[in-house]
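Novice: So you can see what is in the structure, the chains are spelled out below.
There are 2 protein chains.
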Amino acid sequence: MKAIKAEILSIGNELLAGITINTNAAYIAKQLHSIGIEVQRITVIPDQTEEILQALAGAQQRAQVVICTGGLGPTPDDITKQALCRFFDVPLEFEPTVFEDVQRFLNHRRISLNQANREQAVIPKCDLVLHNHRGTAPGLYFKRHNTHFFFLPGVPGEVRHLMQKDVLALLAEFYRLKPITTRLLRTTGIPESRLIDKIGDLLEQYRQFRLAFLPRFRGVDLRFTLPQDAEQERKTFEEFVASVKNRLQKYIFTEEEKELEEALGEILKGKGLTLSVAESFTGGLLGDLITNVPGSSAYFLGGAVTYSNASKMQLLGVKQQTLQTFGAVSQETVLEMARGVQNLFKSDCAIATTGIAGPGGATAQKPVGLCYIAARFKDKERVKKFQFGADRIMNKQRGAIAGLELLRRLILNIE
Amino acid sequence: MKAIKAEILSIGNELLAGITINTNAAYIAKQLHSIGIEVQRITVIPDQTEEILQALAGAQQRAQVVICTGGLGPTPDDITKQALCRFFDVPLEFEPTVFEDVQRFLNHRRISLNQANREQAVIPKCDLVLHNHRGTAPGLYFKRHNTHFFFLPGVPGEVRHLMQKDVLALLAEFYRLKPITTRLLRTTGIPESRLIDKIGDLLEQYRQFRLAFLPRFRGVDLRFTLPQDAEQERKTFEEFVASVKNRLQKYIFTEEEKELEEALGEILKGKGLTLSVAESFTGGLLGDLITNVPGSSAYFLGGAVTYSNASKMQLLGVKQQTLQTFGAVSQETVLEMARGVQNLFKSDCAIATTGIAGPGGATAQKPVGLCYIAARFKDKERVKKFQFGADRIMNKQRGAIAGLELLRRLILNIE
Numbered sequence: 001m002k003a004i005k006a007e008i009l010s011i012g013n014e015l016l017a018g019i020t021i022n023t024n025a026a027y028i029a030k031q032l033h034s035i036g037i038e039v040q041r042i043t044v045i046p047d048q049t050e051e052i053l054q055a056l057a058g059a060q061q062r063a064q065v066v067i068c069t070g071g072l073g074p075t076p077d078d079i080t081k082q083a084l085c086r087f088f089d090v091p092l093e094f095e096p097t098v099f100e101d102v103q104r105f106l107n108h109r110r111i112s113l114n115q116a117n118r119e120q121a122v123i124p125k126c127d128l129v130l131h132n133h134r135g136t137a138p139g140l141y142f143k144r145h146n147t148h149f150f151f152l153p154g155v156p157g158e159v160r161h162l163m164q165k166d167v168l169a170l171l172a173e174f175y176r177l178k179p180i181t182t183r184l185l186r187t188t189g190i191p192e193s194r195l196i197d198k199i200g201d202l203l204e205q206y207r208q209f210r211l212a213f214l215p216r217f218r219g220v221d222l223r224f225t226l227p228q229d230a231e232q233e234r235k236t237f238e239e240f241v242a243s244v245k246n247r248l249q250k251y252i253f254t255e256e257e258k259e260l261e262e263a264l265g266e267i268l269k270g271k272g273l274t275l276s277v278a279e280s281f282t283g284g285l286l287g288d289l290i291t292n293v294p295g296s297s298a299y300f301l302g303g304a305v306t307y308s309n310a311s312k313m314q315l316l317g318v319k320q321q322t323l324q325t326f327g328a329v330s331q332e333t334v335l336e337m338a339r340g341v342q343n344l345f346k347s348d349c350a351i352a353t354t355g356i357a358g359p360g361g362a363t364a365q366k367p368v369g370l371c372y373i374a375a376r377f378k379d380k381e382r383v384k385k386f387q388f389g390a391d392r393i394m395n396k397q398r399g400a401i402a403g404l405e406l407l408r409r410l411i412l413n414i415e
Numbered sequence: 001m002k003a004i005k006a007e008i009l010s011i012g013n014e015l016l017a018g019i020t021i022n023t024n025a026a027y028i029a030k031q032l033h034s035i036g037i038e039v040q041r042i043t044v045i046p047d048q049t050e051e052i053l054q055a056l057a058g059a060q061q062r063a064q065v066v067i068c069t070g071g072l073g074p075t076p077d078d079i080t081k082q083a084l085c086r087f088f089d090v091p092l093e094f095e096p097t098v099f100e101d102v103q104r105f106l107n108h109r110r111i112s113l114n115q116a117n118r119e120q121a122v123i124p125k126c127d128l129v130l131h132n133h134r135g136t137a138p139g140l141y142f143k144r145h146n147t148h149f150f151f152l153p154g155v156p157g158e159v160r161h162l163m164q165k166d167v168l169a170l171l172a173e174f175y176r177l178k179p180i181t182t183r184l185l186r187t188t189g190i191p192e193s194r195l196i197d198k199i200g201d202l203l204e205q206y207r208q209f210r211l212a213f214l215p216r217f218r219g220v221d222l223r224f225t226l227p228q229d230a231e232q233e234r235k236t237f238e239e240f241v242a243s244v245k246n247r248l249q250k251y252i253f254t255e256e257e258k259e260l261e262e263a264l265g266e267i268l269k270g271k272g273l274t275l276s277v278a279e280s281f282t283g284g285l286l287g288d289l290i291t292n293v294p295g296s297s298a299y300f301l302g303g304a305v306t307y308s309n310a311s312k313m314q315l316l317g318v319k320q321q322t323l324q325t326f327g328a329v330s331q332e333t334v335l336e337m338a339r340g341v342q343n344l345f346k347s348d349c350a351i352a353t354t355g356i357a358g359p360g361g362a363t364a365q366k367p368v369g370l371c372y373i374a375a376r377f378k379d380k381e382r383v384k385k386f387q388f389g390a391d392r393i394m395n396k397q398r399g400a401i402a403g404l405e406l407l408r409r410l411i412l413n414i415e
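Quick note, the sequences are listed as chains U and R, same order.
Each residue of the first sequence is one higher than the last, beginning at 1 in my numbering.
Each residue of the second sequence is one higher than the last, beginning at 1 in my numbering.
It is worth saying that the hints were derived from the structure and are not from the lab.
Some hints here could point you the wrong way.
What the hints assert, rightly or not - DSS-like mimics (lysine-lysine), calculated; alpha carbons at most 30 angstroms apart, straight line: (1) R:Lys385 x R:Lys319; (2) R:Lys81 x U:Lys5; (3) R:Lys245 x R:Lys384; (4) U:Lys81 x R:Lys198; (5) U:Lys165 x R:Lys366; (6) U:Lys346 x R:Lys346; (7) U:Lys269 x R:Lys366; (8) R:Lys346 x U:Lys366; (9) R:Lys235 x U:Lys81; (10) R:Lys319 x U:Lys346; (11) R:Lys346 x U:Lys319; (12) U:Lys198 x U:Lys245; (13) U:Lys269 x R:Lys319; (14) R:Lys366 x R:Lys380; (15) R:Lys165 x U:Lys366; (16) U:Lys30 x R:Lys30.
Stated by the list, open to error - Label-pair restraints from in silico Cβ distances: (17) R:Ala172 x U:Gln331: 44 to 52 angstroms; (18) R:Lys198 x U:Gln54: 32 to 40 angstroms; (19) U:Ser34 x R:Lys346: 47 to 55 angstroms; (20) R:Asn343 x U:Thr182: 48 to 56 angstroms; (21) R:Ala172 x U:Thr182: 42 to 50 angstroms; (22) R:Lys198 x U:His108: 36 to 44 angstroms; (23) U:Ala362 x R:Gln365: 46 to 54 angstroms.
To be verified - Residues from chain U shown here face chain R by an in silico Cβ test under 10 angstroms; the list is partial: (24) Glu51; (25) Thr136; (26) Ala230; (27) Gly284; (28) Tyr307.
Beta carbons are placed, not taken as given, at the ideal position from N, Cα and C, and that holds for glycine.
Put together the whole structure using the sequences plus the hints.
Specialist: Encoded structure:
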């Protein structure tokens, strides 16, 4: 079967001015990929009629599926509707079922209807209305020649809603799709070039398969793809995945679409363990990541963000002498923080961070990016020193990830 | 002066598969905008030679500046270099100054050189090498006809580094640029459609100026633009800005490119006040946001993440009776949390959050998204009830922002 080609068209001056990051395009691409449709191009264009018309025409020539976001809101700078009327040669019409959606949506939030809201029910006459339960602008569907066009509002929650409710189901129906096979190995704690060194011979040996290296600040993902038309090679493909996995074992924290905090959460939950954190370097980020996981209250008891020396002593029982002798940024202090918070919350496990996130606070002996991290699992403990970079936000992120990983390896008794 | 048109070309299968979000494009667009160069189009294409050649040719026709990211790394799936050789009709060459950069970079990190690293010094013969101090792949510059081409690696930190060090300065020099005038009003706590209601008449009255509404989950930004060629209208433009500002006063937390946590931080620092936080609903996110601000240790003393009832009582002194009578998610509890943490850290100000972030934990009386937030400024306090939505991560974000804003308004005695 020949691959179905899709394009994403993102309309919005705010995207071109760099004020908004195009998370919608990534989300849509991922969803399409999951049902075997490959996105060949993503184009971001301004709220300008001519640009929209030109981009739609180009996409129609190249792709069988075009998904377009943005430009359907209530503000005066949205001109997409008019452009659609011209492109598809249809009139604007008041659509009563959309007006009902808008009324229901606003009633539920006890917001009264205004003129801008009413105008959202006036839409280009399309082949199918995608009713929006998360906002006031509907999605629109058109079929022209061999291309399916979907127009969605620009708000991320509404894009997700309409993709899940309508777009994916319609496409699966149109094309009778089966998913392509992919495998994911998600690593942390090893840079991309070292990974390549470790598995270079395997890449050579199994060169018929595509393996993508996807560096994220949290680590490097390895994604293997077995195309829909290569079913007969499945056994060799699985061999390839298994060989890479075997080679990189200790760096792999999951083979699923999940983050380290989720993987660690499952380990804790599976073993009935509880966790607390003591944060200086990470300032709350560790707690934030851990509590991003639904159901984390089952194992996460809480944390202490101790940004001052006084609070390190008072809340965590770090000794004044330790602070004076070794400083707040030291192996000794971070170990006392971990013990202190474990004791304070009576938790089975603990993570502690201290360091110099920057840009200020450095000394001759202690440069920006220096960080100590400790983990405790019952009465076992590990401590590790890191030298991160100059960027404060990145340093906090890397510290938090390193803390989660240190505890994961301690619990699983890896290296 | 006619606007200089730019295009951004992002190369990478990981962007088209939706695995990586295109933050580079947003960053580059914003930087170009700041020196008066308008991005007309952003295109994301796969790591495929033909697609790259076609996209470069198209961009060259339409734009005077083309900035291209991705495809210059050490992994086998990067084929950009070969494509550049074909497009610009130049050979691959070993470039000794780049090899020195790579060696210096790796030495500094005490990483030994491998074959992949060596290959990074083999580059298409370009008009200018942009030396990279943050990574091993250099940037490349070509001038062809009237178009300036810049090729940057795909790692966000390296893109920022090369944009700041080379690209912006070169463009400013080529085009002798002066910045265009923009004004920003950053609001929070009011939805986009209400904003339009409040200033609809002004939008009509000053319709010659462009005002963009930029909804972010943290609030709505209003961005006014006075084009380079409209200098004679500056007085009327300033009137427009002042009228809008006057109308929306209490929702505006800054007129600069800064976040609420930064604006609040400046207020605290200016008044010599200290802050602590007690987090249940937000799980550490408040502390994280506050400590994202460089120098926040001057006013932020720390926080308690109290995810369990026991920790609310033990650390913050919330009364058992309060928890039994009103529940952990209640006005009474959040006020005791705020008082408790203020007392624990001896801080001038405090913020506390409690609620049901979801998806679990709801009861008949307390649905997912219910949240109570309290702020204290010395002995004054405010408490506010919110009903957020179904998304856990969004709920935490909205709760954290609402907490910062509640304290900001309390300190400034707004409404």
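Novice: Confirm or reject the claim that alanine 362 of chain U and glutamine 365 of chain R have a C-beta distance inside 46 to 54 angstroms.
Specialist: holds, 51 angstroms
Novice: Below or equal to 30 angstroms on CA atoms is what counts here, so check lysine 235 of chain R against lysine 81 of chain U.
Specialist: Violated: lysine 235 of chain R and lysine 81 of chain U sit about 34 angstroms apart, past 30 angstroms.
Novice: For the hint 32 to 40 angstroms, verify it against the beta carbon of lysine 198 of chain R and that of glutamine 54 of chain U.
Specialist: Check passed, 36 angstroms falls within 32 to 40 angstroms.
Novice: Against the 30 angstroms threshold, does the CA-CA distance of lysine 81 of chain R and lysine 5 of chain U hold or violate the hint?
Specialist: holds, 26 angstroms
Novice: Straight-line Cα separation of lysine 385 of chain R and lysine 319 of chain R no greater than 30 angstroms?
Specialist: holds, 20 angstroms
Novice: Within a Cα-Cα threshold of 30 angstroms, do lysine 198 of chain U and lysine 245 of chain U meet the stated pairing?
Specialist: holds, 11 angstroms
Novice: Is lysine 366 of chain R close enough to lysine 380 of chain R, meaning Cα to Cα at most 30 angstroms?
Specialist: holds, 27 angstroms
Novice: For the pair we were handed, lysine 269 of chain U and lysine 366 of chain R, check the Cα-Cα distance against 30 angstroms.
Specialist: Within the cut-off at roughly 26 angstroms; holds.
Novice: Using the beta carbons of alanine 172 of chain R and threonine 182 of chain U, state whether their distance is inside 42 to 50 angstroms or not.
Specialist: holds, 44 angstroms
Novice: Checking hints one by one. Is glutamate 51 of chain U an interface residue toward chain R, by the C-beta closer than 10 angstroms rule?
Specialist: holds, 8 angstroms
Novice: Hint check: is the beta carbon of glycine 284 of chain U less than 10 angstroms from a beta carbon of chain R?
Specialist: holds, 2 angstroms
Novice: Is it true that the CA of lysine 245 of chain R sits at most 30 angstroms from the CA of lysine 384 of chain R?
Specialist: At roughly 25 angstroms apart (the allowed maximum being 30 angstroms), lysine 384 of chain R and lysine 245 of chain R satisfy the hint.
Checked against the numbered hints above, the structure breaks hints 9, 22, 26 and satisfies the rest.
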